[in-house]
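Q: Combine the two chains into a complex, taking the hints into account.
Read top to bottom, the protein sequences are chains U and G. Here the first sequence stands for residues 1 to 261, where the numbers follow this note's numbering. Here the second sequence stands for residues 1 to 763, where the numbers follow this note's numbering.
Derived from the structure by calculation, the hints contain no laboratory data. Hints are supplied without guarantee of correctness; some may be wrong.
[Unchecked claim] Chain G residues, not near chain U, derived (Cβ > 10 Å throughout):
(1) R19
(2) M26
(3) V172
(4) K183
(5) G271
(6) I311
(7) E414
(8) F453
(9) L569
(10) A605
(11) P718
(12) G730
[Claimed, not checked] Just the calculated beta-carbon pair ranges, DEER-fashion:
(13) G:H335 to U:E132: 38 to 48 Å
(14) G:Q369 to U:L142: 37 to 47 Å
(15) U:A258 to G:A4: 48 to 58 Å
(16) G:G479 to U:E132: 25 to 35 Å
(17) G:W3 to U:L142: 28 to 38 Å
[What the hints assert, rightly or not] Simulated crosslink set (BS3-like; lysine-lysine; CA at most 25 Å straight-line):
(18) U:K27 to G:K534
(19) U:K146 to U:K135
(20) G:K586 to G:K568
(21) G:K542 to G:K737
(22) U:K146 to G:K568
(23) G:K185 to G:K55
(24) G:K55 to G:K99
(25) U:K27 to G:K466
(26) U:K27 to U:K256
Beta carbons: idealized from backbone N, C-alpha and C, even for Gly.
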Amino acid sequence: MPSAFGGRPMIHVRNLTKHYADLRRGKFVALDGISFDALPGQVFGLLGPNGAGKTTALRILSTILRPTSGQATINGADVVTQPDLVRHQIGFMSANTAVYDRMTAWEMVEYFGRLYGMAPEPLRERMEHLFERLKMNEIRDLLGSKMSTGMKQKVSIARAIVHDPPVLIFDEATSGLDVLVARALLQTVADLRAQGKCVVFSTHIMREAEKLCDRIAVVHRGRLLAEGTLPELLAGHQQTDLEELFFSLISQHEEKLASAY
Amino acid sequence: MNWANVKLILMRETRDQLRDRRTLFMIAVLPLLLYPLLGTILLQVAQFRGEHPTKILLIGGDQLPATPRLVEKPVTAAGAEVFASRHFEETLLARPADKRLLVVDVQPQSLPANAHDVAERQVRAGVYDAVVILPDDFASRLSEFRELLQKRLHGDVKVSDDPTANDKPLSVPDPIILFDAGKEKSQLARSRVAEVLRRWTEAIGQQNMLDSKMPGLAARPFEPQPQDIAATGGRDAALWSKILPFIVLIWALTGAFYPAVDLCAGEKERGTLETLLSSPAQRSEIATGKLLTIMIFSMITSILNLLSMGITTSFVVTQLGPIFPNMPLALPSWHVAFWLIIALIPMSALFSALCLALAAFARSTKEGQYYLMPLLIVTMPLVMLPMLPGMEMDLGNSLIPVTNVVLLLRMLLEGNYWQALPYVFPTALVTLLCCLMATRWAIDQFNSESVLFRESERLDLSLWMKHMLRDREDTPPIGAAVMCGVLILVIRFYIGLKVTMPTTFAQFASQTGVLQLAAVLTPVLLMTVMLTRKPRETLLLKTPRWQSIPFALLLAFLIHPLVIQFSKLVQVLYPLNPAVAEQSQKLQELILGEKNLWLVLSVLALLPAVVEELAFRGFILSGFRHTGSKWRAIVLSAVFFGLTHATIQQSLITAVVGVVIGYIAVQSNSLLPGVCFHIVHNSLALLIAKMTPGEWVNRQPARLFVSYSEAAGWQYQPALLVLCGAGAAGVLWWFHKLAYPKTREEVLHDAIRQQAATPLPES
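With the rest of the complex left out, here is chain G (with noise of 0.2 Å):
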């Protein structure tokens, strides 16, 4: 690649976005002008919550007691006590300056039996947000149970030892509050006046307790005290950190989406491609020169629109401040800025190469436009994931694209460095991965004449089926790869569903049977048979050079301690959680306990390896080959392999085994070396655990390489280790000398890539 040509091209399409108004609009004037406005509704709306007083009514004002007051009495200048737009008593309210958002009608008759039906209407229609009702025996009653009480104080009345005898003629009817949950002020006002009368109920019921001779505090002897340890800023972190990765990641896309439409969809519409193809510059320069200038757009407005709403929400919090005094909206640091501009460069990187290699497949920018929202419907939920409560960041999480980076992300800004490490490597791993696959499908797209120079064809399934028989190829193309990978996936997770846990090996044997024949051999049989012409070349059912056979099956042994090593290393890292821990260890003495030794090997070995390498390494690994790259065939193949396998931690050993066995296949250009490697290779596993030493283990030189205790099993020393490392690279090396026939693909993919190597030819 000619970094002279990406710079170019990165140049002029960074200017020619410029001279472009929409996205000017979009990146510049859009967030400068968004959050100003939000900010100034919000501070509207707040002072609507927080001024405007809430209309109640009391029915039943002749019920109050003297004391303590629930309501102000005021009187007019003629000493007539007036009903309407009165307060509560100012001790009963959280604040003082509360007092005038709560305005009380007091009605003083006595209930008249409809008066909730009367109060309901009101509330619905609105006159009165709220209504309390004092029932018709609220004074009555509870001036009764105050002499009850001052009788029981002078021993009048009998004291039963039954603590619930006495509390039966001591109860008062309770108040109603009528509100409507359907309306907002409803529920504001219902809060208000329950918070009201609970302080009027307390002081009630402190003042009993002042007549009864007891201390106040009797009926609340101590109240518990949340004391929060957050550092500075920390508290207010948990909540930025919950909102910025979201922000940021949200713009980051739509910063990407529109220049990425312009500069492939638009350009197709406007007919400059052509010209451009036309050029020397290559397609990966164009893509990749493209890519870069959408990253940086993508990057200008996440990074415009945090700092415009940064600027923003220092000045509502200043406004708002003294009316919300515990809001945690205090502006974040430094620091958070600093993460969040790490953490967006890959996103960008990530967004830009989806929506390049989408923008690329659309024919025009109306069809372009149309990808937005399934871009949206397949991200959003990634981003949003790590929102739902109780999401923590586990080796599962930080495998999955977008979302890892967003918890990751959360730990660093809640400055939880330590925890997050070893979740760095896998979330950069995966993050990278899905970068370079995006930007290859961007590039394959500007590969692919069929895309570039798509022309609109009717939709009809039937005509596509049958195009899919009619013109099918020797082996199947990519698409049939990806489509035979996800149907075992898919297979095998309806299966799961139904298959419960065995108790007996036998029950074990035959669901895995079931699951390898149903779900992996079928499909791929059936596919190979409808979407191939050549099915030997497709299965890689050839005969391979005798030599392989043994190489393969001496890597198989060579390779067994390196793996088991890893698969350690693995559970450290990423422990498994105890109930699959369980369930593993339960299986494993399934099939530990089980004396059919050939049953077991057959079942666990045999099958598998026949089954899952006429998939892996047979059908899919010839269909990724079109690919052009044998290692991308490889490598895509081996995360299929790993895929099917139970638990995370296993699907990462078993596709690092993948590309081991993929490696042999290609090269040996044949299904048999990987067969016997798979057989080995489980079958050790499996014998390995069965077999119990005898003294000689503890001797010399066999202390050397390996170790062996009832408790721990089988260890592995360093040497062992070591040695089996360099005869493996020794025999991967063997298979690496062979001559393996190449695709069509591969080859001009060798072709195109050795062209600057040849002399331009004398004109």
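Only chain U is shown next, with the shape it has when bound in the complex (with noise of 0.2 Å):
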């Protein structure tokens, strides 16, 4: 389905698969195969219970882990061969991607703005703009240390975007964050949608994926089990309501699991 920002995807997946050995289990599969396409100006949600594998498929997307086999392009770079420039095109967050104690917002925007290879004038613009824009101005000079989670939460966008990134990475970016903070965070991506980014979203939360993602993939298991429009989906399994479908495609894939035993 092309989009209003054109049809050539921007994150292309192919049978992207990841092991790890386990000690106690041996090979230990966190991603099996999964597959999928997302385009300039969509929101792509990767929906799943915890451990289901999206934090794996996403670390591989901003080339923090290799994958054990399969393909992954990011407008064109391979993840694998051309991590350079696939970093070069991401803005990446996550729970994990923490802000500096020793470091004011200003400061750890920059230090990221410079090392995306920015020249020092348009990068004071566009921080200008950001701060602006974030509403972060009264944080400017304040330490890490010092911030409240919602202010953390505005630094990491702003370190995400500063380089105005064709892609961005979303990694249960709205756990762990009051109300408030996460409404504002999910404006901030349905913004970036508007400008044409291609943003990719994990969250297990239902209500989350409804409201902003333009297709759904359900993983489980490091397995994609169910992927499109949110109609799609529902029309697609007879189902009425996205949690339904979910659990509907959860339960039919333990079960199909026991049978193979």
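A: Given below as structure tokens:
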């Protein structure tokens, strides 16, 4: 389904697999051949329970982990062989990407802007703009250690989008946030979509997925169980509500696994 | 690598560290406070030692002769003799000031039966620090002795011709000094009292001489006078050259460790590492930036400590100078500081890289702190080793990391520049290699997912063994290659302990055979079967292109003269220890004396060629190729190959040959050419040593290339060396042109290296 910003997929994932060596269980499969495409101007949601493999998949897309097999490209750059190109095109934010304690908000965003290779003057302009838009001017000179969770979240967003990347990856970005901050974050994501960014958004909260995502992929135990727009998914599985759909998909998969043994 | 990013990371990390109170305390405040504090304590201790008087009890005061006097004899106003708190005669003291340091209580009574026990109890109880007991008959025997001398002088007593017989009636019972070696103060008292008594005895002897109308100098006609030829400051250099390197290195290590833990483990703990890893900075840029930060802090810590210590010492020296005039503690000169800082740079780099790798491995700062102790346990002996008496620089020591720098530094501080020169190269090479390896290790830690996202795992040895066997790969992992190399070295070491110097060739042959089969072949085959899925691929048992065999054979012939020349150079620069040289000479004679040439060749060429190739170009090289760089794999396997040889000189030469064979093995993707090379290489050395040429050798054109004499054996001339060098380069070029299969890691490595050349796709 082409979006308003062109039909060429920004994120292209084929048969992505990730194994871990585990002393006790032998080979542990965290990702079992998932494939999907995401287009510009689209919010692509990865929905799954904890331990489904969402974080692993997004860490592979952001080149922090290497896949065991399969292919993933971001705007044409391969995550395995061209990690530098990939990292220039993404902004990554997760529950684990924290803010430096001994740096102010301004320094932190500036540091990452410089690492993205931005020249000082355009960087300053961009930062003034971002600090204005995200209402961060009052925490400009506040050290990370003195910030509240919401303030830190704003800094993380500014850090992830300072270089205006075409792709944004949010991994469980709303976990641990209060309702107000979470709502503000979701609004930011919607704004980014309006600017034509391709956003991958993982969550285990149905409401967020329903409200925000253009396409939803349900992931469980490393497998992609279903993928499509919300109406497509509901129609395809004769369900009326995402939560029901989610539970039926997961219990079907569990049954299949149980009968296989 | 983008240096702008490295600089950016360096600046950020430095600022971050400077904002941390703990770091500032460690690098700046601690040294500024520590040394003045230590200096104060030292001064107080010195004052205590210098001024606190020691109490002595003298039992048998009535036995003292009137002259020469041992103890001053004060009297009260009423004329009664005072026995308590007296002092030794001033003439018996080294310095008049020492008088008040020794307080003597004199017990005049004649010795009671249990005086010894009483004295012992008093020393134990600390009432007195030492007790001097003059035996009961001391005075009477001494005066008898003097009378006898007088009688002899006047001819009243017959002097026997046998001098030992004359001494018999002349003995005086010895005074006893009781002290307790378990108490420091008591030991001090003993040394002071012994010194006083020695002078007193000398005075008595001198008086006896005078009484006997003999010159007083008869007993001591001369005394040797030591003269120090060390230049001004040279004596101090000897002490400083031992202390300063130690202080500089220990602080360099400490100064590297704490920032390293904060920069890696701390960042993991606080969750900022993942943020940084998803930024476009490459792992190598992150590691280098952090490494440079740690290095700066390491150097600053070390230099600040040195400065603070220097300033404190200069104060302490001026204070203590009058008390201990012979103390060799003059401040070192500026050239000392210069050499220290020059040596500090590579050492800081090495320690920083080590700390970085360890800290990157740690999951949390707490775990990071745990690694300080193992690191110190490994480093301290290397720093302390040069402080052992008699530890001198030689080739062997110049190859020990850290120790070599300390030894070299010591030579430079002592001003022995020319003696130091030959060791600069090996020291620099080893230090550079260690730095590169440690840095590489640190970068690898940043690249390794299992390290970055490590979860706590219960330690279970049997599970781990099962995992090794169950989840094995086609070819051995890097760890198995290291393990195999270490195992070979350890088994060789233990067999070497049992082996004695052979006396016949048969004995030598069987020893060599056992060593090769038990120490090298067995572990390699066992590990191949147990730890890999594809033994043939692991041991490179593949058919090569047929041309690579004749080319390998040709290369062996071409390289032979070069290796011989290289080993001569090594021998000149770093001569063998005479005992080792004698042994190897004996072995050489044993080998050349054996008539059965086929036996010699099969024991010394065929067997090692097959076995060592299987080990070093088979299992170990295959394992190291997982590092992602064929050159790193070749060099590492060659280092292990070198280490398995007896002397360090041999190890150096074989390691170089190992690089050549490793290259052939990788390029031809087969063990066979290497085995052929190895056989020919070993055989040539044996055959040529055995061969004596005819007259032709002294005529042209042979004279241009070789010469031969009984004493020196074969000599290769420059013309031959140049020809062979060019030929060898040509053959290696042929091997270079071969297409060889790359490992998965090497393919990835190449792809990542080439990404900079790929243009960014339009978005």
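Q: Hint numbers the structure violates, sorted upward?
A: Those not satisfied are hints 1, 5, 8, 13, 14, 16, 22.
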